[in-house]
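Enquirer: Given next are the chains, with one letter for each unit.
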Amino acid sequence: MEKKQMSLVEMPPGQEGTVVAIDGGQGVVNRLWVMGIFPGRKITKLASLPAQGPVVIKVGNQELALGRGMAQKVIVEVTR
Amino acid sequence: MGKSVIFTQLSGVYAISSNYPGTTVDFSKSTVRKNNTWFELIDAPGTYALSAEAEAEKIAEKLIEEGDIVVNVVDATNLERNLYLTFELLEKKKPMILVLNMWDEAKKRGIEIDREALEEALGVPVIPVVATTGEGIKDLVRALDRAQVPKLVPQDHEKRWEEIGNLLKKVQRFSYREPQWVDFLYRATISPVGGLLIGIGVLIGSFFLIRLIGEGIINYVFDPLFDRFYLPLLEKLDQLLSFSPFLQSLLIGQRIEGVIDFEQSLGVLSTGIYIPIAVVLPYILAFYLILGFLEDIGYLPRLAVLLDGFFHKVGLHGYAIVPTLLGLGCNVPGILGTRVLESEVERFIVATLISVAIPCAAQQALIVGVLGDFGIGPVVLVYSVLFLVWVVTALFLKFVVPGYRPALIIEIPPYRLPYPRAVASKLWMRVREFLKDALPIVLLGVLGINLLYTTNVFSHLAETFSPFLSRWLGLPGEAIFVLFLGFLRKDLAMGLLIPLGLSPKQLIISSVVLAMFFPCVATFVIILRELGWKRLLQSTVIMVSLSLLVGGLLNVVL
Numbered sequence: 001m002e003k004k005q006m007s008l009v010e011m012p013p014g015q016e017g018t019v020v021a022i023d024g025g026q027g028v029v030n031r032l033w034v035m036g037i038f039p040g041r042k043i044t045k046l047a048s049l050p051a052q053g054p055v056v057i058k059v060g061n062q063e064l065a066l067g068r069g070m071a072q073k074v075i076v077e078v079t080r
Numbered sequence: 001m002g003k004s005v006i007f008t009q010l011s012g013v014y015a016i017s018s019n020y021p022g023t024t025v026d027f028s029k030s031t032v033r034k035n036n037t038w039f040e041l042i043d044a045p046g047t048y049a050l051s052a053e054a055e056a057e058k059i060a061e062k063l064i065e066e067g068d069i070v071v072n073v074v075d076a077t078n079l080e081r082n083l084y085l086t087f088e089l090l091e092k093k094k095p096m097i098l099v100l101n102m103w104d105e106a107k108k109r110g111i112e113i114d115r116e117a118l119e120e121a122l123g124v125p126v127i128p129v130v131a132t133t134g135e136g137i138k139d140l141v142r143a144l145d146r147a148q149v150p151k152l153v154p155q156d157h158e159k160r161w162e163e164i165g166n167l168l169k170k171v172q173r174f175s176y177r178e179p180q181w182v183d184f185l186y187r188a189t190i191s192p193v194g195g196l197l198i199g200i201g202v203l204i205g206s207f208f209l210i211r212l213i214g215e216g217i218i219n220y221v222f223d224p225l226f227d228r229f230y231l232p233l234l235e236k237l238d239q240l241l242s243f244s245p246f247l248q249s250l251l252i253g254q255r256i257e258g259v260i261d262f263e264q265s266l267g268v269l270s271t272g273i274y275i276p277i278a279v280v281l282p283y284i285l286a287f288y289l290i291l292g293f294l295e296d297i298g299y300l301p302r303l304a305v306l307l308d309g310f311f312h313k314v315g316l317h318g319y320a321i322v323p324t325l326l327g328l329g330c331n332v333p334g335i336l337g338t339r340v341l342e343s344e345v346e347r348f349i350v351a352t353l354i355s356v357a358i359p360c361a362a363q364q365a366l367i368v369g370v371l372g373d374f375g376i377g378p379v380v381l382v383y384s385v386l387f388l389v390w391v392v393t394a395l396f397l398k399f400v401v402p403g404y405r406p407a408l409i410i411e412i413p414p415y416r417l418p419y420p421r422a423v424a425s426k427l428w429m430r431v432r433e434f435l436k437d438a439l440p441i442v443l444l445g446v447l448g449i450n451l452l453y454t455t456n457v458f459s460h461l462a463e464t465f466s467p468f469l470s471r472w473l474g475l476p477g478e479a480i481f482v483l484f485l486g487f488l489r490k491d492l493a494m495g496l497l498i499p500l501g502l503s504p505k506q507l508i509i510s511s512v513v514l515a516m517f518f519p520c521v522a523t524f525v526i527i528l529r530e531l532g533w534k535r536l537l538q539s540t541v542i543m544v545s546l547s548l549l550v551g552g553l554l555n556v557v558l
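First to last, the protein sequences are chains P and X. Each residue of the first sequence is one higher than the one before, counting from 1 in the numbering used here. Each residue of the second sequence is one higher than the one before, counting from 1 in the numbering used here.
Some clues are possibly wrong.
Unchecked claim - Reference excerpt, derived from the structure (chain P facing chain X, CB under 10 Å, subset only):
hint, residue
1, L32
2, S48
3, M70
No lab work stands behind these hints, which were simulated from the structure alone. Being a predicted model, the structure only gives us computed values, none of them experimental. Just so it is clear, CB atoms sit at the ideal spot from N, CA and C, and this is done for glycine as well.
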């Protein structure tokens, strides 16, 4: 089992990972926090839209779209 | 989601609601009686958390501070995310009731929530409801005076999610359920390539469907009604008024080749009634019917997700599509809708783009009606020019206006089949708004034009502006009234182009200039109220100079 860290943008669709860090300022951290994205949370990536579009993820029972810039700041750890 | 539906159910006062967060951007007030106590009810905009950025969310926060009892409506299918706000509210130590909405949907999806355990843990009444059908609303009314100051007060802000997790372990259980057709549809509409194709298809399809429905209502309902019943009535009235040529020309207008012409006679009761009712109303109906369906199915947030990449290139984010689509109905709700955007700069940009390049449904009805006589080409040309203007203006503002542009982060609600009754009442609400606002202004406008015609003000104005208009825009001097009237109502102004007998090229130019030139008075006032006079001034400078520029260009190119 190999563990690897990457941003939500790099994570392949369909993969599950655990958030390890939010690589951004307090504003970004707060906005993500409120939506339930913070270190320790399990996230499944569902899709990544073309033309620098958003990343669609599943957190808990909820589906969210994060703008590309925002998704870049969410660092996840993937086991494979 | 669902606060407005519950508000409507409780008070009988209709508040517009949809299947996506951010429909309510202002608050509505009403009252509900329980035994002999009256409760004042306030419907607040939704928010994910206290201390949020967007204008609508700030309004919600202020209302919570002011209220005596907080009714926290949460989506039972998504308890975890919603409990974050609930926990923040618990800390306020105000009497509270927790409403679990979409209780039926939660059951359908195999989510079991132990209501009693939740009530026990939080120390506030927990009421399951199905807002759209009214199930559980009576229980909610009964619970109003049982509102409790919460027993559970979260101790540590940092541990909030941990506490929510622990609580959910006790009160929520999932069971397996078969995948359904909506799940497939769900994946398809946000899949990278298929989703975009579906999105484009939905937008183009909607446009043609609106046209089809609008034309249908005009050709099969309103035109026959006007010709068969209203025209004879006007003829009789005309005879009765023969003692006063002044009243005749005011109310009935000029006869065109001996007959009353609804489009050209320009009487208060002929053209003044015909344009808003028989030309514009059918398109308003068609537009809001389709929009209502898209809203209630839950498609708009998906569209926002799909278009986010494109919107980013012009300096906006995907959610800007929601106020923009509302603006296609009427610019006023469109600009109010910018309250869901998080930064002032972004609100200003989207509001300006709406007033420059987004013609309202009433104006579009006449663009299609007047230009459609020359085939689909000129109509497509007008829309393409406006789209181009939208893109170029957005790019221009992206570089010129500095400021914070937050990234997109939105919740994607599940698809739901719309309830016909909900779609119908929303449609009725919006149509009523149009009739209430538009009809008096159009009638007054036609009355004003008729009175001014009898004076010489118009011909003087026309002479003064004639050289400029003909050289720069290739329009006759009389077109200046049309531009002025555009300030009152764009549909009325477009309607006044008909008697001028313009060429297709002139019609294209005047449609575009009229769409861009200046917002109608209602939009003007709303920009002033929402963004202040400085922003209004900036917006106006952009609109006026761009419209003259684009109009002049079209005059050279076409």
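Enquirer: None of the hints should be skipped; say for each whether it holds.
Expert: Quick rundown of the hints versus the structure:
Against a cut-off of 10 Å between C-beta atoms, the interface hint on P:L32 holds, since the closest Cβ of chain X lies about 7 Å away. Checking P:S48 against chain X by beta carbon gives a least distance of about 7 Å; that is within 10 Å, so the hint holds. Here the hint on P:M70 is kept, as its CB sits about 4 Å from the closest CB of chain X, short of 10 Å.
The structure meets every hint from the earlier list without exception.
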